[in-house]
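A.B. asks: Sequence:
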Amino acid sequence: MWGSAMAQAIDLNSDLGEGYGPWRMGDDGAMLDLVTSANIACGGHAGDPHTMFDTLSLANDRGVVAGAHPGFGDREGFGRRVIPCTTGEVECLVAAQVGALMGAAALAGTEVRYVKPHGALGNLAADDRSIADAIVRAVAAVSAKLAILAISGTELEAAARQRGSPVYREIFADRAYLPSGRLVPRSRPGAMIERPESAAARLIEFLTTGLMPTLDGPPIALAAHSICVHGDSPGAVAMARFIREALTSKGFVLKPFLNGAS
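Position one of the sequence shown corresponds to residue 3 (my numbering), numbered consecutively onward.
Hints listed in this document are in silico derivations from the structure and should not be mistaken for laboratory results.
The beta-carbon is built from N, C-alpha and C at its ideal position, and this holds for glycine as well.
Just to be clear, a hint being listed does not mean it is correct.
[As the list claims (entries may be wrong)] Quick list of simulated restraints, FRET-style, between CB atoms:
| # | residue 1 | residue 2 | range |
| --- | --- | --- | --- |
| 1 | 165 | 237 | 18 to 26 Å |
| 2 | 207 | 132 | 33 to 41 Å |
| 3 | 199 | 234 | 18 to 26 Å |
| 4 | 221 | 105 | 40 to 48 Å |
| 5 | 221 | 164 | 25 to 33 Å |
| 6 | 108 | 192 | 41 to 49 Å |
| 7 | 189 | 220 | 20 to 28 Å |
| 8 | 234 | 64 | 16 to 24 Å |
| 9 | 111 | 194 | 32 to 40 Å |
| 10 | 10 | 79 | 33 to 41 Å |
| 11 | 187 | 65 | 34 to 42 Å |
| 12 | 182 | 203 | 21 to 29 Å |
Assemble the whole structure, with the sequences as input and the hints as a guide.
C.D. replies: Quick look at the structure:
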């Protein structure tokens, strides 16, 4: 886990498989040559059976660990709007999407190892314990072997720990942070870090000190097993490549946070 200068390994993940039908988002093949874990859309904010199968197959061919990336059923808003749901409805949408990806994985001859909520669902679970608990219950019901990948220091992390579910923490390479430890809303200026050099320098500072710079205040202490680089921006591949090269040049080893066979 990062936050210590003694640590030598870190995971690099990206949100992939975010196309639908003939429409494609990002260059999944190129990203899968750079990352060590892939959060694959599974029919909520994006994704369809064939896209899931193709992305899982590409990940498997490259030795990239696959995770499910369930979100609100909101293709028009790309899962970045909160859709009012009861906790029971959240359980159902998470269970259904994770189960769908697991079915596609079986067909592709691979497996799903973890779950990372997408977009507005993930942000809601960061602060709303009832939503966080619903996600954790749904994941555990589908398979007790599935891990949770949660934003560092959130209610989702706490909910998984309380239930005894395997949980790992992530930080974001290309998103700015608030002093509360939450991500700066995309609607605010400075929310996105677009220059690879800036993103890499910030990550190396964090991985060395355990402190994450914030937009409006002093650095905050976080810990992480994984770094996310979003796959849906025009410069995603260049960002991921630059970060990977910057980290390895400093002696950091890129490897999945879930290593080896389950």
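A.B. asks: Are there hints from earlier that the structure breaks, and if so, what are their numbers?
C.D. replies: Failing hint: just 1.
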